[in-house]
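Q: Here the sequence shown is numbered in the working numbering, starting from 223 and rising by one per residue.
Take these hints with a grain of salt, some might be off.
[What the hints assert, rightly or not] PhoX-like mimics (lysine-lysine), calculated; alpha carbons at most 20 Å apart, straight line: (1) Lys453 <-> Lys373; (2) Lys373 <-> Lys320; (3) Lys334 <-> Lys373; (4) Lys257 <-> Lys300.
Derived by calculation from the structure, the hints in this document are not laboratory data.
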Amino acid sequence: MKNILTSILMCVLLIACNSDTESQTSTIKLPDGFKIEVYASNIPNARSMALSPNGILYVGTRSAGNVYALIDKNNDYKVDEVYTIASGLNMPNGVDIKNGDLFVAEVSRVIKFSDIDNNYKNHPTYSVVSSDFPADRSHGWKFIKFGPDGKLYVPVGAPCNICLRDDDARYASITRMNDDGSDFEVFAHGIRNTVGFDWNPETNELWFTDNGRDMLGDNIPPDELNCAPVKGLHFGYPFLHGKNILDPEFGSQGDTSLYTKPVQELGPHVAALGMEFYTGQMFPAEYQNQIFIAEHGSWNRSQKIGYRVSLVRLNGNESISYETFADGWLNGDNVSGRPVDIELLPDGSMLVSDDYADCIYRISYHND
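Can you build the whole structure from these sequences, using the hints too?
A: Okay, structure coming up:
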């Protein structure tokens with residue numbers, strides 16, 4: 223009897239969660255022809271996403287310590303089954319897949335679940351790829367992704383709001399390594415905290431978001447969208463913020479002529495996280511190879527900003543516009559959702575994770 227009552231209660235909670243989340247999507251504003259629906263609900267602290275070739279969506283978390291496998295059994299763009307494949311991990315934010323193996327980034331290490339699509343139901347074990355990353359929890363959660371070169375790119379955030387840690391070149395950087403942890407190197411320097419990056423499908427150049435420092439006021443500095451076409455570039459932190467804002471503490475110690483400026487200054491403190499080049503065929507042609515950015519939203523501004531999905535339109539490597547694509551998660555000071563990451567489905571629709579509403583949305587286009 224107790225098990226029956228428990229099952230009924232879980233069903234009631236799930237229905238309530240689905241109802242609440244579905245009602246949220248009615249407030250989201252999108253361009254004409256676009257539609258947003260709930261792809262998965264009741265996914266605690268849903269953060270970074272990686273889709274396997276078999277259509278299984280793997281989702282990392284920051285505060286929950288879990289990694290999930292989400293299954294859409296009947297291909298109706300609604301998740302039917304959720305499996306917790308790992309729990310008790312240390313901020314397992316980053317996830318990506320290579321050759322059937324799931325790689326997960328914790329604060330100080332990267333682990334691997336082999337042949338994950340065939341093992342996600344069976345409490346899979348993992349091996350440690352690398353355990354040498356700094357253990358600082360401040361900006362210690364990581365987004366990871368395999369590049370066109372087959373290497374795994376792993377950022378190491380600054381362990382502070384603003385500081386100069388020249389004792390360890392890994393701080394405030396994007397690093398890369400082979401999938402077995404070998405040939406580790408720093409690819410780019412001067413990056414305070416990137417939690418999202420992707421490669422331009424036409425040039426294979428790395429693009430990434432970066433979160434600007436805090437405590438300089440509401441309106442400075444901006445977050446950034448950057449491009450790193452080659453190894454070894456420095457993007458200014460902690461000396462320079464945005465294109466021309468010298469840090470009041472460290473600005474005099476740097477040489478601004480050495481730093482690569484952002485392609486686009488984003489909103490101040492919008493907390494730009496996941497980004498993705500649109501390479502699908504569903505959206506209109508004007509969106510092809512343009513950049514979508516999940517803006518998680520400010521936490522210490524007197525007036526909140528962000529809580530949206532933005533679009534940066536490019537002409538080559540130049541930004542020609544920065545505009546809102548989807549918003550409505552912020553109404554006045556009332557927050558109903560916080561976008562984190564973006565992932566494309568094979569049909570060209572777009573998934574957006576939300577660690578505040580514990581769900582994942584699907585954005586599609588219908589030219590009816």
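Q: Please flag the earlier hints that this structure goes against, numbers listed from lowest up.
A: none
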